[in-house]
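Colleague: What follows is each chain in one-letter form.
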Amino acid sequence: MNGKIVPSVCSYCGTGCGVLFQVVNGKLVGTMPLKTHPVNEGKLCIKGWHLHEYVNSPTRLRSPLIKMNGRFRQATWDKALHFASDRLKAIIEKYGPDSVGVLVSAKITNEENYLAQKFARAAIGTNNVDHCARL
Amino acid sequence: MTNSISEIEEAGCIFVIGSNTTACHPLIARRIIRGKEKGAKLIVADPRNIHLARFADVAVRHRLGSDVALLNGMMRIIIHNDWHAKHYIMERTEEFEEFCRVVETYPPEKVENITGVHPRDLERMAELYATNPPGSLLYAMGITQHTTGVDNVKSCCNLAMLCGYVGIRGGGVNPLRGQNNVQGACDMGGLPNVLPGYQPVGDPEVNNRFSTAWGRKIPDRPGLTITDMVPAMLDGKLKALYVIGENPKLSDPDWNHFHHALKNLDLLIVQDLFLSETAQVAHVVFPAASAAEKDGTFTNSERRCMRINKAIEPLGDSLPDWEIICRFSKAIGYDMTYDSPEEIFREMAALTPKLYGGMTYGRLGIEGLMWPCPDNDHPGTQYLHKDGFARGKGKFHSIHYRPPAESPDDEFPYFLTTGRMFAHFHTGTMTRISPHLDVQQPKGYVDINPKDAEALGVKESDVLLISSRRGEMEVPARLTTSVEPGVVFMPIHFGESPTNILTNADAFDPLAKIPEFKVSSVKIKKL
Chain B
1 MNGKIVPSVC SYCGTGCGVL FQVVNGKLVG TMPLKTHPVN EGKLCIKGWH LHEYVNSPTR
61 LRSPLIKMNG RFRQATWDKA LHFASDRLKA IIEKYGPDSV GVLVSAKITN EENYLAQKFA
121 RAAIGTNNVD HCARL
Chain U
136 MTNSISEIEE AGCIFVIGSN TTACHPLIAR RIIRGKEKGA KLIVADPRNI HLARFADVAV
196 RHRLGSDVAL LNGMMRIIIH NDWHAKHYIM ERTEEFEEFC RVVETYPPEK VENITGVHPR
256 DLERMAELYA TNPPGSLLYA MGITQHTTGV DNVKSCCNLA MLCGYVGIRG GGVNPLRGQN
316 NVQGACDMGG LPNVLPGYQP VGDPEVNNRF STAWGRKIPD RPGLTITDMV PAMLDGKLKA
376 LYVIGENPKL SDPDWNHFHH ALKNLDLLIV QDLFLSETAQ VAHVVFPAAS AAEKDGTFTN
436 SERRCMRINK AIEPLGDSLP DWEIICRFSK AIGYDMTYDS PEEIFREMAA LTPKLYGGMT
496 YGRLGIEGLM WPCPDNDHPG TQYLHKDGFA RGKGKFHSIH YRPPAESPDD EFPYFLTTGR
556 MFAHFHTGTM TRISPHLDVQ QPKGYVDINP KDAEALGVKE SDVLLISSRR GEMEVPARLT
616 TSVEPGVVFM PIHFGESPTN ILTNADAFDP LAKIPEFKVS SVKIKKL
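Line by line, the protein sequences are chains B and U.
Per my numbering, the very first residue in the first sequence carries number 1; after that it's consecutive.
Per my numbering, the very first residue in the second sequence carries number 136; after that it's consecutive.
Keep in mind the hints are simulated off the structure, nothing from the lab.
Treat the hints with care, since some could be wrong.
[As the list claims (entries may be wrong)] Where chain B lies over chain U, by a calculated footprint (3+ residues, C-beta under 8 angstroms):
| id | segment |
| --- | --- |
| 1 | 161-173 |
| 2 | 375-383 |
| 3 | 455-462 |
| 4 | 554-562 |
| 5 | 597-611 |
[As the list claims (entries may be wrong)] Incomplete in silico selection of chain U near chain B, CB under 7 angstroms:
| id | residue |
| --- | --- |
| 6 | ILE140 |
| 7 | HIS219 |
| 8 | PRO243 |
| 9 | LEU400 |
| 10 | ASP401 |
| 11 | LEU402 |
| 12 | PHE409 |
| 13 | PHE421 |
| 14 | LEU450 |
| 15 | GLY451 |
| 16 | TYR469 |
| 17 | THR472 |
| 18 | LEU499 |
| 19 | GLY500 |
[Said to hold, decoys possible] Sample of chain U residues lacking proximity to chain B, with all beta carbon distances greater than 12 angstroms (derived):
| id | residue |
| --- | --- |
| 20 | VAL193 |
| 21 | GLU230 |
| 22 | VAL237 |
| 23 | ILE249 |
| 24 | GLY251 |
| 25 | ARG255 |
| 26 | ASP256 |
| 27 | HIS395 |
| 28 | ALA417 |
| 29 | THR432 |
| 30 | TYR491 |
| 31 | HIS520 |
| 32 | PHE524 |
| 33 | ASP644 |
Quick reminder that beta carbons are idealized off the backbone N, C-alpha and C, glycines included.
Turn these sequences into a full structure, and let the hints guide you.
Modeller: Structure, rendered in structure tokens:
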């Protein structure tokens, strides 16, 4: 058996409790509170204690999907990216960059949010960037 | 939050308004209760009889959408009793006289008419808050999700400044953020008018600096907010939408309206962990890795930037969001190549020198650092506005009460308000597939006061038809005194009984564009 404990931060509300992920043989098996953490001091709420459950859910998406004739088909990354980028480029060419909107996320990391808005502003050329802070 | 979470324990008075803290931010509620145990006074103002009210020295249930009147009423009492911080007001603020003239027009009797709060309770709230320094004011979406959201926030700031509680340890104006990285998403420029670090897109120096760093001229006119994107989709002006890690179909006001808008798109790309309600109507779905499957940082409510670490490999073919964005960008012809999130963080920190400039992965450690952290020796900032406000002097805003967009009438006689419950999170995509959480509350419900239930002949679990001007839905009743007679409450977590069928997409704050989720009017019919 091969086990490790990895410090992280809870991904539910904005409190930012420190957690420890318990990993056994490459599988995430549990979540514990981080005892020395300045925010939660070794405590968690019911959502935090079960943080690993959404990660392991059988309903997680495991491959890219493309909709054809109203139904999703599994696709490779190359195909899905090709499909999306071809259509996106055509729209930008025809209607201009401001015909595109990007919704970044309060759930992804800072690094990813930084890239997502950079993608909108530099790659597409629009300031139509927002997220669900209001919702 | 202007102040840190741990400082709540150091407050002399904790005033919680529009936050169901024990359900939505349990580990912040813990600090409130610890603060109370250490001798702090606790004031709770919420239209519902929330759990935290049981611990309060004074708890009031003010009418939905009446926050400005309530706060103005408190401030009038504080000024009349000479409890305000005169020296602080003189030294650090401006436009106090005009503000006084406005709050003077909110005598307790008028406030009672608007809010339903007895003058005796109002007096007690004002006294406890003003005479037990430092006062920590906490709020959440109960303050912001109104057509008067900005007015409500400004009124909270007025109150804190009036007592000299902004810029001191243990005090502050502390909005509790609802999502793990909503603070970070804002900090990183996930907004239509600002670049990372809240640097305006229209500022020529800023725009130039980013354009140079990114090797492309970036647009200088602010873009559309999500609230503006919906009509743009309906008008056919917005043709494509790329949605990352969000489920706006359930979180946006007015489900029907939004559904039509999405149908109108030529291209909808959704990047998510799950086939959410929004992903189901997409043309392409990119599978994203979860927070346990990647490195990076989150910034919490108290501005603390903390590292998350990869614990396991991404499931199936899913990829971390940063890798997907890099690949997608390359595919549309703009090269973004990074070896690791750390490399992205370094680029970001260099472009946001005032807030994140002094942070590195090495320095963050386990505890993280709180911004502003402008250089490598800076210890981070526990509370803001210590020596002055960002704009120079703190401005008192003169604000009059305005009623919500909808109030009960003959046709729709009940108030509807919405929110979260303790076991679930937001649109439920993460918690409803978590067995130990879903078992706590597997389906939607509507909270109704037993008096209203009796009048309608409704018993526990009876199915009710709730209708508003936007739509209707069926949902089982839960009889509880947590709502006042005349008010019903529904949680937002349940896709099969989406509250946003009922809420109002046309009612939003003109400045913040935040929808009025907290107030709509409905009628109720027993089925």
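Colleague: So, for every hint listed, does it hold in this structure?
Modeller: Hint by hint, here is what the structure shows:
1. Counting residues of the segment 161-173 of chain U whose CB falls under 8 angstroms from any CB of chain B gives 4; the rule of at least 3 is met.
2. Counting residues of the segment 375-383 of chain U whose CB lies closer than 8 angstroms to any CB of chain B gives 8, which reaches the minimum of 3, so the coverage claim holds.
3. Beta-carbon proximity to chain B at under 8 angstroms applies to 6 residues in the segment 455-462 of chain U; the threshold of 3 is reached and the given coverage holds.
4. Figure legend: the segment 554-562 of chain U, annotated as covered by chain B; annotation consistent (3 residues with Cβ-Cβ distances under 8 angstroms, at least 3 required).
5. For a cut-off of 8 angstroms, the count of residues in the segment 597-611 of chain U with a CB near a CB of chain B stands at 0, and the three-residue condition is violated.
6. A distance limit of 7 angstroms between C-beta atoms decides the matter here; for ILE140(U) the minimum to chain B is near 6 angstroms, and the interface restraint holds.
7. Restraint check, HIS219(U) versus chain B: the minimum CB separation of about 31 angstroms is more than 7 angstroms; hint violated.
8. Hint on PRO243(U) is violated. Least Cβ distance to chain B is approximately 33 angstroms, over the 7 angstroms limit.
9. Hint status for LEU400(U): violated, given a least beta-carbon distance of 9 angstroms to chain B, over 7 angstroms.
10. Restraint check, ASP401(U) versus chain B: the minimum CB separation of about 6 angstroms is within 7 angstroms; hint holds.
11. Hint status for LEU402(U): holds, given a least beta-carbon distance of 5 angstroms to chain B, under 7 angstroms.
12. Nearest Cβ of chain B to the Cβ of PHE409(U): about 6 angstroms, under the 7 angstroms cut. The hint holds.
13. With its C-beta approaching chain B no nearer than about 6 angstroms, PHE421(U) sits inside the 7 angstroms limit, and its interface hint holds.
14. Annotation: interface hint on LEU450(U) holds; nearest CB of chain B at approximately 5 angstroms, less than 7 angstroms.
15. The restraint placing GLY451(U) at the interface with chain B holds, with a minimum CB-CB distance near 3 angstroms, inside the 7 angstroms limit.
16. The closest approach between the C-beta of TYR469(U) and any C-beta of chain B is roughly 4 angstroms, which is under the 7 angstroms cut-off, so the hint is satisfied.
17. Below 7 angstroms, beta-carbon pairs count as interface contacts, and THR472(U) has none with chain B, the closest being about 11 angstroms; its hint is therefore violated.
18. Of the supplied interface hints, the one on LEU499(U) is violated, with its beta-carbon coming no nearer than about 11 angstroms to a beta-carbon of chain B, more than 7 angstroms.
19. At about 10 angstroms, the closest approach between the beta carbon of GLY500(U) and any beta carbon in chain B exceeds 7 angstroms, and the interface hint on this residue is violated.
20. A cut-off of 12 angstroms between C-beta atoms confirms that VAL193(U) is not in contact with chain B; the least separation is 25 angstroms.
21. Every beta carbon of chain B lies more than 12 angstroms from that of GLU230(U), the smallest distance being close to 27 angstroms; the non-interface claim holds.
22. For VAL237(U), the non-interface assignment is confirmed: its Cβ lies about 27 angstroms from the closest Cβ of chain B, beyond the 12 angstroms cut-off.
23. For ILE249(U), the non-interface assignment is confirmed: its Cβ lies about 25 angstroms from the closest Cβ of chain B, beyond the 12 angstroms cut-off.
24. Against the 12 angstroms criterion, GLY251(U) stays outside the reach of chain B, whose nearest CB is about 27 angstroms from its own CB.
25. Its beta-carbon lying about 34 angstroms from the closest one in chain B, ARG255(U) satisfies the requirement of being farther than 12 angstroms from that chain.
26. The Cβ of ASP256(U) sits about 29 angstroms from the closest Cβ of chain B, beyond the 12 angstroms cut-off, so the non-interface label holds.
27. Consistency note on HIS395(U): stated as away from chain B, and its beta-carbon is indeed over 12 angstroms from all of that chain's, at 16 angstroms minimum.
28. Once the 12 angstroms rule is applied to beta carbons, ALA417(U) is inconsistent with being away from chain B; the minimum gap is 7 angstroms.
29. With a closest Cβ-Cβ approach of about 5 angstroms to chain B, THR432(U) is found to fall inside the 12 angstroms limit, against its non-interface label.
30. In this structure TYR491(U) is not separated from chain B by more than 12 angstroms, as the shortest Cβ-Cβ distance comes to only about 8 angstroms.
31. With a least CB separation of 20 angstroms from chain B, HIS520(U) remains clear of the 12 angstroms interface cut-off, as annotated.
32. Interface exclusion of PHE524(U) from chain B stands, the closest Cβ pair being 22 angstroms apart, more than 12 angstroms.
33. Separation of ASP644(U) from chain B is inadequate, the least Cβ-Cβ distance of about 9 angstroms not exceeding the 12 angstroms criterion.
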